[in-house]
Amino acid sequence: MAIKSTTRSAQGRTGVGRSRAEASGTTETSAAISDRGPLALLCLAGWALPGAAHFWLGKRQKGTVFLVALVTMFVTGLLLKGRLFPFDVSEPLVALAALANAGMGLPWLVSLMFDAGRGVVTAVSYEYGNCFLIVAGLLNFLVVLDAFDVAVGRK
Amino acid sequence: MNSHFLLLLLFSALVSAVFATLSRDDPRAQLRTGSLMFGAFVGVALLLGWLMYPLPL
Numbered sequence: 010m011a012i013k014s015t016t017r018s019a020q021g022r023t024g025v026g027r028s029r030a031e032a033s034g035t036t037e038t039s040a041a042i043s044d045r046g047p048l049a050l051l052c053l054a055g056w057a058l059p060g061a062a063h064f065w066l067g068k069r070q071k072g073t074v075f076l077v078a079l080v081t082m083f084v085t086g087l088l089l090k091g092r093l094f095p096f097d098v099s100e101p102l103v104a105l106a107a108l109a110n111a112g113m114g115l116p117w118l119v120s121l122m123f124d125a126g127r128g129v130v131t132a133v134s135y136e137y138g139n140c141f142l143i144v145a146g147l148l149n150f151l152v153v154l155d156a157f158d159v160a161v162g163r164k
Numbered sequence: 139m140n141s142h143f144l145l146l147l148l149f150s151a152l153v154s155a156v157f158a159t160l161s162r163d164d165p166r167a168q169l170r171t172g173s174l175m176f177g178a179f180v181g182v183a184l185l186l187g188w189l190m191y192p193l194p195l
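Protein sequences appear in the order of chains A and B.
Heads up, the final residue of the first sequence is numbered 164 in our numbering, and it's a clean run with no missing numbers.
Heads up, the final residue of the second sequence is numbered 195 in our numbering, and it's a clean run with no missing numbers.
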């Protein structure tokens with residue numbers, strides 16, 4: 010039961026994942042509102058840096074795997090001359106691809122700042138690069154959802 | 139790196155690692171699930187490639 014105890018101690022540190030009654034000792038409504046802050050911060054950290062939310066919850070092994078695997082996927086996508094798509098609502102598929110790209114958080118923002126990810130459509134690896142970039146972002150959304158479930162005690 | 143097969147292996151390995159870590163808590167179970175998933179990724183890709191070999195007819 011080491012995993013459970015780790016989760017409990019992590020929950021104690023973060024203030025998330027506790028039962029509503031434990032959290033405040035007052036009313037259920039006020040406890041739920043007070044828990045939103047740490048939960049939102051946890052999700053924000055997990056979005057910004059893949060695996061950060063799991064580190065926060067004390068799950069270092071998982072956090073390390075997510076950090077290494079997702080950042081490697083993202084960098085590989087850029088090296089393969091993939092494109093970071095713009096939010097262009099007139100083209101729904103492009104907008105959806107941009108949303109998926111945005112799932113990588115800080116690496117995505119930094120790449121945009123340095124004008125990386127412009128994409129070379131004539132490169133033989135262009136579509137492969139897009140695939141790596143899009144899947145990395147979508148997987149990070151899943152990782153954030155997993156951290157949320159752990160934090161609220163569903164997992 | 140323009141080898142399609144190497145890119146397939148890299149993609150499969152990374153996605154398998156993430157899914158196995160998401161779905162299992164025990165490191166040994168993660169390794170087992172990840173290996174199975176990696177094998178399935180590569181095996182299905184090779185099978186589909188082989189089935190599509192005669193195309194276009």
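Note that these hints are calculated values from the structure, not bench results.
Just so we're clear, the structure is a prediction, and the values are computed from it rather than from any experiment.
Each residue gets a CB set at the ideal place from its N, CA and C atoms; glycine is no exception.
There's no promise every hint is true.
[Stated by the list, open to error] Interface residues of chain A toward chain B, partial, derived using beta-carbon atoms under 10 Å:
#, residue
1, Cys52
2, Met82
3, Leu148
4, Asn149
5, Phe157
6, Val161
Hints versus structure:
Using the Cβ-Cβ criterion of 10 Å, the hint placing Cys52(A) at the interface with chain B is not satisfied: the shortest such distance is roughly 16 Å. At its closest, the beta carbon of Met82(A) sits 5 Å from a beta carbon of chain B; the interface hint therefore holds under the 10 Å criterion. With a cut of 10 Å, the hint placing Leu148(A) at the interface with chain B holds, because the nearest CB-to-CB distance is about 5 Å. At a threshold of 10 Å, the smallest CB-CB gap from Asn149(A) to chain B is about 9 Å, leaving the interface hint in force.
Hint status for Phe157(A): violated, given a least beta-carbon distance of 13 Å to chain B, over 10 Å. About 16 Å separates the beta-carbon of Val161(A) from the nearest beta-carbon of chain B, more than 10 Å, and the hint is not met.
Against the hints set out earlier in the document, violations occur for numbers 1, 5, 6.
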